[in-house]
Amino acid sequence: MAQPKYRIATIGSHSALQIFKGAHDEGFKTIAVCKKGSERPYKMFNSADEIITLNSYRDFPKIQNELIKKNAIIIPHGSFVTYMGYEEVEKLKVNYYGNKKILKWESDRYLERQWLTKSGLKVPLLFKKPEDIDRLVIVKFMGAEGGRGYFLAKDKKDFYRKIKPYQLRKYVLQEYIIGVPLFIHYFYSSLTNEIEIMGCDIRYESNVDSLGRISARDQIVLPKIDPSYVIVGNIPVVVRESFLPRLIEMGEDVVKTLETILTPEEEIFVFEISARIVAGTNPFIEGSPYTWLKYNKPMSTGRRIAIEIKNAMNKNQMKKILG
Amino acid sequence: MAQPKYRIATIGSHSALQIFKGAHDEGFKTIAVCKKGSERPYKMFNSADEIITLNSYRDFPKIQNELIKKNAIIIPHGSFVTYMGYEEVEKLKVNYYGNKKILKWESDRYLERQWLTKSGLKVPLLFKKPEDIDRLVIVKFMGAEGGRGYFLAKDKKDFYRKIKPYQLRKYVLQEYIIGVPLFIHYFYSSLTNEIEIMGCDIRYESNVDSLGRISARDQIVLPKIDPSYVIVGNIPVVVRESFLPRLIEMGEDVVKTLETILTPEEEIFVFEISARIVAGTNPFIEGSPYTWLKYNKPMSTGRRIAIEIKNAMNKNQMKKILG
Amino acid sequence: MAQPKYRIATIGSHSALQIFKGAHDEGFKTIAVCKKGSERPYKMFNSADEIITLNSYRDFPKIQNELIKKNAIIIPHGSFVTYMGYEEVEKLKVNYYGNKKILKWESDRYLERQWLTKSGLKVPLLFKKPEDIDRLVIVKFMGAEGGRGYFLAKDKKDFYRKIKPYQLRKYVLQEYIIGVPLFIHYFYSSLTNEIEIMGCDIRYESNVDSLGRISARDQIVLPKIDPSYVIVGNIPVVVRESFLPRLIEMGEDVVKTLETILTPEEEIFVFEISARIVAGTNPFIEGSPYTWLKYNKPMSTGRRIAIEIKNAMNKNQMKKILG
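Residue numbers (my numbering), protein chains in the order written: chain A, 5 to 327; chain B, 5 to 327; chain C, 5 to 327.
Treat the hints as calculated values from the structure; they're not laboratory data.
No distinction is drawn between identical chains; accordingly, a pair holds when it is met within one copy or between any pair of copies.
Derived pair list, reagent style DMTMM-like, types lysine to aspartate or glutamate, alpha-carbon separation capped at 25 Å:
#1 K47 - E253
#2 K323 - E70
#3 K166 - D222
#4 K324 - E110
#5 K158 - D230
#6 K174 - D136
#7 K40 - E198
#8 K260 - E43
#9 K47 - D257
#10 K133 - D222
#11 K228 - D162
#12 K228 - E179
#13 K126 - E209
#14 K298 - E30
#15 K39 - E253
Build the full structure now, drawing on both the sequences and the hints.
Structure below.
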């Protein structure tokens, strides 16, 4: 096959190393768009054939014409969407992999919830006001960077006491489900209308994942520790095999509702969905147990995306995969 | 070599994906026996050359003749034994990989304990009655599905208070060892009489592995959380290298006692042994650090079993490996 | 290329399996120096072309001439340094990979601290005497094997109460940082003066990593549990990609200060540095996500070391890499 004419581009962060590796594996050239000072990983790991440096990600629209000239396809990832904001992403004119409309649904907790419940998934309750709290809740701040300041409250009184330092912040009151978090990575092909399970991970979060290492007796007498949920890494995991039939159904149900998801991440009690590649796929740059099963060769989500683009090129169906 | 005439069959659950992948790698055809509604993973991952659907696993004996005609070898795994019951397994006439008699020893906590102590391994104490409790114990219900309801008790009084909601359940009182659980996967070849270490994992259990993420102060004031030990996944781990000589010895000691174990899983303080493939091997479908060392090619426990069968065929020693 | 004339030797423990596998991958013969009774893993995994058995590691100097005759290069690892003591290592005449002088800096908490702070890294505070404690500290015993007996103290009074059972031990008082531990593996090439990120891991420590599995209510009423930090394994992890630029800088800063580090391990709040291969690299015997990115073939730290030696041989620069 002739050298693909498209170039794979994304912002240098989140899962870009994986995206670029996957692109290289499939013969694409890559463009990393980096904030000044963050270029090093993309050099160290020979990931970027070209690096475009910005002073601020807000300058991204300014380099759009350059990207369009280079026939780039943007692969959105979590940081891409966070840094740009979904309204800005919707305005982009450069080729964009996936469905842009989904971003709005994913960015708004209430729309996200509507999407998930319409798909028949079990989601934690949301309470409209502190007076409604009738069970353990987690108080999450809107736009909070990585879960800083989130806290648990058991009732109205507990809430009002703990909210004091955050008086002006917008928050949601979400039922706190006692159970272990686990993230499932799906890939949905709009060419074949099929869903694939690419892997699973556990987030490694600071400081909540360090609290258990301090004995309860010490925690009680020591100065109060406020929990925070800042992701610092991802740990590979496989899910109990008997859960897979349900997880496959859940993935399909979500796709049926909106038809255009690419890599949602879920739990059985679903509290979040991401409609783009998730960083939890990063442990699997050389493949996960699940992709080894299906492909029998190294296959990351980043590479799967590159293959999707090649398949669309070969079938002359680029419109189906660009948003 | 000619295409092997046997087919590899097992129940679609637990570690079947791995078993089928290993069988395919070694040129065997595969048969998944699935409960209605659980077939999807075996299609999605191209695992089963044939799927036989049952309404209930209790119907398994009804398809035995079909399996015998197809020259199937059943590979037992955890769910296979749980769903069927060891008495039913013992009655099976279809080819069965491994030693059936071991299942009884593994299924009964007291026989298991006898086996382990005879092998010279350190095991947690068992207390006959609540009045004997003289240290921290974990109260485990017999036949409990995945550790639901298990609780800790520090003395007789504590026990009687906490047992109330479970009055009619059978239980064992096991010393609770403070330490981190770690599971070692062994493979024992009855052809070569050698033991191999295939990998290690940590179980990811709900809800106990989520408790530490809630600060002690919150746990104390919030509504009481009952611990449960339901396995939802497996996390890869490597064990400290200086433990390996002891772990190898322990594996050999267990084999000497009963001569026919296939994949026991252990801790240094051994609280459990499984005499069949464990789900903890699932993170290593493309090999674990240990199998890479030994084989220098992708090697899962599932594949190792398929190789064992091939070796037995080539040596005309099928009797040695079928139970 | 002609068969390399050097042999790779190390003590059979810690990360020796990985070192030997890496050596074999690059065509070197290997020599395992084992304490009596610990030879098995090196046979089971076909790691050692030759095993030299010692009654005690203190006898190591006695076999030096044999190693010199065999043209061995010692690859130091954590247990090598611990078993021998850095003063003994400094006296060795056999070829030694890496810089011996670094060991003194790594072995002494105060020198280590000086090195790290001079490199501009953020380190936990050290308090000179219990009276100075003004925040949560961890009391670490000098030469403690694997963190046994370490405890937390919130002030002078708390310290004096908890130190009682350890009256005669030497200790350091280190600020206790609330956050998740994460270990970064670097490789520094003194041939190219470049740093590489080889992987990341989480240590699995007994018993601290089991405490969170006991509910706070149970912990409070049950007999007191003393924390300990004994490493029993290593769990693979990938770090949040947006941290990488900072981590790369940190690695380079440390190298600039002493010019000769090989595989330091770090946290962003750095509390420890190891100037030799760390056991945390063991999950990655077939490569980590990071080495797959860079090398696109199986690459462990052990293999990277073997390549470094080959490169030095080819360039006739053995002096640059031997200490």
